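Q: Taken in order, these protein sequences are the chains called A and B.
So the first sequence is numbered by my numbering: it starts at -14 and just counts up by one.
So the second sequence is numbered by my numbering: it starts at 3 and just counts up by one.
Derived from the structure by calculation, the hints contain no laboratory data.
Among the hints, a few may not be true.
[Unchecked claim] Ranges between beta-carbon positions, derived for each pair:
1) Ala67/B - Phe92/A: 52 to 60 Å
2) Arg159/A - Gly71/B: 25 to 33 Å
3) Leu243/A - Arg378/B: 39 to 47 Å
4) Phe92/A - Asp294/B: 48 to 56 Å
5) Leu17/A - Glu205/B: 51 to 59 Å
[Claimed, not checked] Some but not every residue of chain A turned toward chain B, in silico, with C-beta under 8 Å:
6) Glu15
7) Gly160
8) Thr162
9) Pro175
10) Asp200
All of these numbers come straight from a predicted model, not from anything done at the bench.
Heads up, the beta-carbon is just placed ideally off N, CA and C, and yes, glycines get one too.
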Amino acid sequence: MTASDRPKLAVWKFASCDGCQLTLLDCEDELLGIAERIEISHFLEASSATDPGPFDLSLVEGSVTTPQDAERIQHVRAVSKRLVTIGACATAGGVQALRNYADVAEFQAVVYARPDYIDTLATSTPISAHVAVDFELRGCPIDRGQLVEVITAYLAGRRPDVPAHSVCFECKQRGTTCVTVAHGTPCLGPVTHAGCGALCPAYGRGCYGCFGPSDSTNFPSFIPLLRRDGMDTLDIVRVLRTFNTAAPEFDDASRKELDQ
Amino acid sequence: MADGAAVIDKGGLDTLIAVLVARGRTVVGPTVRDGAIVLAEISGGDDLPYGWGVELAAGSYRLRAREDGAAFAHSAGPQSWKTFLHPPRERQWSADRDADGELVVTEDRTPAPSYAFLGVRPCDLRAIAIQDRVLTGGLYTDPAYRGRRERAFLVAVECTEPGATCFCVSMGTGPAVGPGYDLALTEVLDADGHRFLVRAGSEQGEAVLAELPRRAADTATRTAAQERVAEAADRMGRSMPLVDLQVLMRESLTAERWDDVAARCLTCGNCTMVCPTCFCTTAEDVTDLTGDHAERWRRWESCFDRDFSHLPTGPVRDSSHSRYRQWATHKLGTWYDQFGSSGCVGCGRCIVWCPVGIDITEEAHALNREREGADRKGTP
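One chain only, chain A, in its complex shape:
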C-alpha cells in the first residue's frame, strides 16, 4: 500500500503518564504490521514529525485538566473521523480526578513555590465529558491485545470484540480459583470491567479495578462483601478511588460509603 492509501492514525496526549500510548510501541510483534496498514502520522512519543490532519483514527490518552486542553480536545475531535479513548485517564478522568474531591487552589499553594504559574481546572474529566467519543478502551494501562484488536477491527470495519462484563468471566475462563470465595481475599472482580485477562487473581491477589466498572454493577450488594473480608470504610473508599475514581459507578459508591 502506498502512503496515501493508508488510513491516517494520530495519537494524542492529555493529562496522563504516557503508559497507554507507549502500549502502541510495546506491540513489538504487531507494530510493523500496523505501520504497513496505517500511516502513523502524528505520534510524538515515536516521531517529532507532525501532521495537521485530518486523521481517520485518533487514539486519545489522558484527561482534561487545563483550559488549554479543553480547547485542544475540540480541535482533536474536529480533525478525527473516529476518536477512540485509550486508558483510565481518557475514559474516566484518571487518578488525577482525585482533585475532584478536593480544593485545587489549596493543593497548588502546598505543592508549588509559585502557584500563580499554574493554570489548571478544578476538575479532571474524561474525554467524553467534552466531545463525542466513538469507542472507549479501558485499563490502567490498556491491554496490548485489546489495543491491537481495536485497530484491527477498525481496519476490517467491524466492531471491536471488547466484552464489558465482569472480570469474573475471565477468571473462570482461565481456570483461576476465586480468591474471594476460596481465600476471603477482597476483590473488585465482580464489579470490574473485563479486559486484563484477570491478571491479579491469577497471582492470588484481589482485582483492584483498574479497568473501571463493568456494564452491570450492583454496589449495594457488593460492598458488604468487602467489609466481610476485612475492609473498613476507609479501605473501601480507597480501593474505589484510584485510577477510575471519577467513573460514575465508582464515584457514586465511594460517596455513599463516606455518607453512611
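Given chain A's structure and the hints, the job is docking chain B onto it.
A: This is chain B only, laid out in the frame that chain A set:
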C-alpha cells in the same frame, strides 16, 4: 456374586492411573492447587488430594485437612468436567485469502484428546449426560464435543462425603452412581484398611479393570461401600422443595421474590461458569492486521452478561431481575421442555462460588412459599 466387582487398594489406584496413561490417555483428576481441589492433569496417585476435605457454605470454600487420609472425600470444586469437554475457548475455523483473492476456509480439526476423568462424582456424571443431550442429542451436534466425549474414559467415584451446599438427593442424581461410567469406585476406609470397591460399566472398563492388581469383592467391603453411600444421602446440606420444580417455575414468573434476589445478584456470571450443565457460548471473530486471515472462536457466554441478549435496540434482559429469572427458570423449568430433564444436578457449585452466596435452593423454597401464600389468599 458374579458381577465382576473387585477391590483395589491405593496401589491399585496408582496402577489404574498408570494403565490409563500407558493407553495414551490424558488423565484428569482432583488435585490440590491454589487452596482448592481443582481438576487438572495428574500423572500419578501422589497428585490425588489424599487427606484433604472441604468446608462449604454459600459464597465460601475452604480446604481442610482430614485425618482419615481419604482421596475422594471432598465435594464439587471450582471447576467441572465441562472445562475439558466443552472448553472455555475453542477455535472453530480459520479462513485465508489466497493469491487469487479467494477465501479458503479451513475447519479446525485438531484431534480430540483422549481423556480419562478420574473421580467423576455421581452428580457430575449426570451433568455430563445432560451436556451430551444438549450438545449431541439434537438435530445439530457439536462435532468437537462429540469427539472429546466419545474418546473419554470415565472413572466415577460414588459420593461418601457431601458438602453443606449439596442437594443431589432432592434432584435424584446421587450420591449413588448412575449409568454412564466405564469404571465406578467407592472409597472405603475402616479397620480393614483403605480400599476401593470397583465395578466396570463398559467393555473398556472391564479391560482396564483386568489389568489392575485386585481381589474379588468381599461382602464386608460391599456392605461398607453401600453404607457409606447411604449415609451420604442422609447428610445432604440442602434440598430443593419437594414439588414439581418445572411447574413451580412456570407459575412463579411474576413472583416478588425475583426482586429480592435481583437486589443481591451481582450479575458477575460466576454461577453459570461453574455450573456443570450451563453450555452457552458466543462467537468471537478475529481478524489479523492484513485482513487476509480470519478466525472464528467460540467462548463461554453467560445469560448474566448484559450483551447476551443484545439486539439492535439494546439488551432484552437489561435488569438483573430478568437475567436471574431467566437462568433459574431455564435451569429448573424450561430445560425440561427443551431437553427432557432438569438442568440442575444438585452439585451446589452455583451456591458456593456465588461471591454473595445466592442459594438456588433457598430461592426455590422462597418461590414455593410465595406461591403457597398466593394460593391461600386465592382460596375463597
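Q: Now tell me if each hint is right for this structure.
A: Now the hints, each set against the structure:
1. Ala67/B - Phe92/A: 52 to 60 Å: Hint holds: Cβ distance 54 Å, inside 52 to 60 Å.
2. Arg159/A - Gly71/B: 25 to 33 Å: Taking Cβ atoms as reference, Arg159/A and Gly71/B lie about 32 Å apart, which means the hint holds.
3. Leu243/A - Arg378/B: 39 to 47 Å: holds (46 Å)
4. Phe92/A - Asp294/B: 48 to 56 Å: With a Cβ separation near 53 Å, Phe92/A and Asp294/B satisfy 48 to 56 Å, so the hint holds.
5. Leu17/A - Glu205/B: 51 to 59 Å: With Cβ atoms ~56 Å apart, the hint holds.
6. Glu15: holds (6 Å)
7. Gly160: holds (6 Å)
8. Thr162: Since the shortest Cβ distance to chain B is 4 Å, the answer is holds.
9. Pro175: Cβ of Pro175/A sits 4 Å from chain B, so the hint holds.
10. Asp200: holds (5 Å)
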